[in-house]
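Trainee: What follows is the residue order along each chain.
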Amino acid sequence: MAYNCQAVCRSQSGPKRGTRGMEQARNYVCTECASAVPSGHKFCGACGANVPPEAQTLATRYFGALQMPGKARLIVVRGDEAMGEGLSYLLQASEHVAGREADQIPFPSDNWLSPSHANFLYRGEKLVVRDQGSLNGVYIRIRGTVPIQIGDHFMCGQQLFRVDATPKDTSGPEADQTYFYASPRHPSAFRITQVLEGGMDGIVCCAREQSVQIGREDCDINFPDDVYMSPRHARVEMSGESLALVDENSQNGTYVRIRGERELSHGDYVFLGRNLLRVEVTA
Amino acid sequence: MIVCSRCSKENQDHYKFCLGCGAELPRHSSQPKAFQGGTPPGGTPSKGRTTNAPPGRAAHAEALQMDADPLAVEDPLFAELAPLGDETAPCSHCGAQVPENFRFCHVCGHDLHAEASDGASADLPAERVSAPAVADTPFADTTRAQLILIQPDGSEGEAFPLSARGSLIGRSTGGIFANDAYLSPEHAEFRFEGDQLVVKDMESLNGVYIRIEPDVPIELFDGSIFRVGQEILCFEAPFAPDPAPDGTQHMGSPHRGYLGRISLLIGRQTTGNSYPIPPEGIHLGRERGDIVFPEDGYVSGLHCRVHSEVGHVFLTDLGSSNGTFVRVSNESYVPRGTFVLMGQQLFRAEY
Chain A
1 MAYNCQAVCR SQSGPKRGTR GMEQARNYVC TECASAVPSG HKFCGACGAN
51 VPPEAQTLAT RYFGALQMPG KARLIVVRGD EAMGEGLSYL LQASEHVAGR
101 EADQIPFPSD NWLSPSHANF LYRGEKLVVR DQGSLNGVYI RIRGTVPIQI
151 GDHFMCGQQL FRVDATPKDT SGPEADQTYF YASPRHPSAF RITQVLEGGM
201 DGIVCCAREQ SVQIGREDCD INFPDDVYMS PRHARVEMSG ESLALVDENS
251 QNGTYVRIRG ERELSHGDYV FLGRNLLRVE VTA
Chain B
1001 MIVCSRCSKE NQDHYKFCLG CGAELPRHSS QPKAFQGGTP PGGTPSKGRT
1051 TNAPPGRAAH AEALQMDADP LAVEDPLFAE LAPLGDETAP CSHCGAQVPE
1101 NFRFCHVCGH DLHAEASDGA SADLPAERVS APAVADTPFA DTTRAQLILI
1151 QPDGSEGEAF PLSARGSLIG RSTGGIFAND AYLSPEHAEF RFEGDQLVVK
1201 DMESLNGVYI RIEPDVPIEL FDGSIFRVGQ EILCFEAPFA PDPAPDGTQH
1251 MGSPHRGYLG RISLLIGRQT TGNSYPIPPE GIHLGRERGD IVFPEDGYVS
1301 GLHCRVHSEV GHVFLTDLGS SNGTFVRVSN ESYVPRGTFV LMGQQLFRAE
1351 Y
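Residue numbers (this note's numbering), protein chains in the order written: chain A, 1 to 283; chain B, 1001 to 1351.
If you're looking for bench data, these hints aren't it; they were derived computationally from the structure.
Heads up, the beta-carbon is just placed ideally off N, CA and C, and yes, glycines get one too.
Heads up, a few of these hints could be off.
From the structure, some residues in chain B lie toward chain A, with a derived Cβ separation under 10 angstroms [said to hold, decoys possible]:
id	residue
1	S1184
2	P1241
3	D1242
4	A1244
5	M1251
6	P1254
7	P1276
8	P1279
9	G1281
10	H1283
11	H1307
12	V1310
13	G1311
14	N1330
15	G1343
Pulled from the structure, derived: some chain B residues nowhere near chain A, Cβ distances all over 12 angstroms [as the list claims (entries may be wrong)]:
id	residue
16	C1091
17	S1155
18	S1163
19	G1166
20	L1233
21	F1239
22	P1245
23	R1256
24	L1265
25	Q1269
26	R1305
So these bits of chain A aren't anywhere near chain B, every CB distance computed over 12 angstroms [to be verified]:
id	residue
27	K42
28	E95
29	R123
30	M238
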C-alpha cells in the first residue's frame, strides 16, 4: 500500500484525480516506470516492460476447491467406525477408486469391499460410477420404479435380495408311472430370495399372483426386526413379460445393484459394502 | 363355505371346528368328509393350488373307493346304472337294507359275498374287503404283524398281513396297493429284527413316513424330510460359500445365527418357499407360529416346532391332530401302534 501511494504521488500520468485528494491507483502499476497498466495488457504502454502473467488477468479464485463448479464430492452418510460419518471426498481427478485397499477412497475396515471396488470417474461433464468387478457390487438408490431382471440383486433396509426364476417343474411321473408327491403349490412367475451375510440363502418367497411385497409387517416377506425397513418398503412385480422393482416411498430407499457402470447425478445415494455415500455435484 | 352358527364366522368346507370360536361345525354333505385319521396325499386341492394328482384322483375318498374294489369296473352291479333289486336284506355289519343282488353293502362297503362263503375274514374288524389277493389270504401262521388301513374318516379299514419272513409291498404286489399311483412298484419292505418291526425304503420315489410321537424331539439332519398336513418339508443345514481369495466376505442380510432352513418340497430337486430357523427355533401351524399354512386344513392351528439343543436341531410334534411324519432314511424301527404313511394311504402297524 505504501509503495502504491508513493507511485501515485509521483505519477503525473496516473488515473484521473478523484475528489478526495488522495487515492489508490486503480490498476496494475508498471514496476519499471510506475505507469498504470490496464487489466489484460501484456506490456506496459509507457515503457514496454513485461507485465507479469499473474497481473494480466484478475481471476477470482474459490476459497476452497469444494466450490469448483462441475466437480462432485462424495459424503459418507453411513460408514464404519474407522472412517466416520460426514467425511467427504472431493472428486477432483479424472478417476477415483474406492475400495478396501484403495488409495483415493479407502475403507480399510469394511470386509464387504473388494480391494479395488468401485471407480468414480468423469466422462465429459458427467460423473459415472463403475463396478471394478467387485465381489459384492455397487448399489444405487432407485427413484420410483425401475426395470429389473432375473438374477439382479437389490437392498431394502439391512436386507439383501436376489430375483430368481421359477425352477423347472421336476414333479412329473416316473417312467414306471409312479407319481411324485409334491406339496400343493401355486403357479408362480418368479421368486425373491434373501441373501444372508456369508453367502447362504435365507428366505425364499415364490410370487403369488404377480408381485412380492417386502416390508416390516403385513407383507409377503416381513422383517419386524429391521429398524431401517419401512412398513411397506418395496415390491417386485411382473407386468407382461417384464419385472419391475418399485420403491414405495420408503424412508431409507431401495437400492439396486448396477451392471457395469451408471451415471450419477446430484442427490444420488451409492452403497459400497456397509458404506452409504451421497453424491453432491456443485452447480 | 360353512357359516358358524355360534359366531357367524365363515369357515372353509373341510374345517371341523370354527376358526372364530372353536365350535364344532356341521358336516357339509356335498364335500368330502373332514379328515380325521390321516393325511391324504392326493388331498382335496385348494383352489388355485396345483397338485400332481393322477387323473381321476381328485378326492381321496373316491380314490379309496376305487382302490377298495378293483373289480368295480367289471361288476355291473356296482355301476350307478345297475338296477336295484326289489328284495332287500339287512347288512350284517351296519344293518342297512341292501338289495339282494348287491355284492357289497352300499352303506358300509361290507363284503356280503365273503361273509357268505368265507368265515375267516369275519375276524377282521370293520373291514372293507377288496382285492381277492388280500381277502383270500388266510391269516397264516407266518403272519406276525398287520398294517391296518386308516380310512379318511378315521375308521379302520382292512388289514394287510406282514409275514415273519418279511413282506415286500408296492404297486406290483397287488391288493390294496395296486392302484396307488404314489407307490413305487417295489416300495418298502417290512421285516422283523427280534421283536422289532423294521421298515426299509426300497429307494421308492415318495418314501415311507412314520408318525412321530407328540412332544418327543426327533433329530433333523441335512436333507431330512418331514410331512405336516399336505406339505412336504425339507430341513437344510446351514451352508456358506468360502470368502473370496482376496479376503472379501459375502455381503448380505444380517445372519442371526440361523440353524438352517425349512423348505417346501415342490419337486424332486425343487423347493418353493423357504425360511431360515433362528437360534430360538420356529413354530409351524395353520394359524399360529412363525411359518403358517392357512390353506392346509390338515395342519393343526399350532402343529410342530423346530428348535436347537446342544448344537443339534430337533423336530417336535406339538400334539397335532393329524400328526407329524418323518420320512424314513433307508430303514427304521416301527414301534407297535405306529402310523405309517406310504403312497396315498395311512396304516397303523399292529403286532
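Trainee: All hints are to be evaluated individually against the structure, with a verdict given for each.
Mentor: Each hint tested on the structure:
| no. | hint | in the structure |
| --- | --- | --- |
| 1 | S1184 | 5 angstroms, holds |
| 2 | P1241 | 4 angstroms, holds |
| 3 | D1242 | 8 angstroms, holds |
| 4 | A1244 | 5 angstroms, holds |
| 5 | M1251 | 4 angstroms, holds |
| 6 | P1254 | 6 angstroms, holds |
| 7 | P1276 | 5 angstroms, holds |
| 8 | P1279 | 13 angstroms, violated |
| 9 | G1281 | 16 angstroms, violated |
| 10 | H1283 | 15 angstroms, violated |
| 11 | H1307 | 18 angstroms, violated |
| 12 | V1310 | 22 angstroms, violated |
| 13 | G1311 | 18 angstroms, violated |
| 14 | N1330 | 19 angstroms, violated |
| 15 | G1343 | 8 angstroms, holds |
| 16 | C1091 | 35 angstroms, holds |
| 17 | S1155 | 24 angstroms, holds |
| 18 | S1163 | 24 angstroms, holds |
| 19 | G1166 | 22 angstroms, holds |
| 20 | L1233 | 8 angstroms, violated |
| 21 | F1239 | 5 angstroms, violated |
| 22 | P1245 | 10 angstroms, violated |
| 23 | R1256 | 8 angstroms, violated |
| 24 | L1265 | 6 angstroms, violated |
| 25 | Q1269 | 6 angstroms, violated |
| 26 | R1305 | 19 angstroms, holds |
| 27 | K42 | 56 angstroms, holds |
| 28 | E95 | 21 angstroms, holds |
| 29 | R123 | 27 angstroms, holds |
| 30 | M238 | 17 angstroms, holds |
The structure fails hints 8, 9, 10, 11, 12, 13, 14, 20, 21, 22, 23, 24, 25 (numbered hints given earlier, in ascending order).
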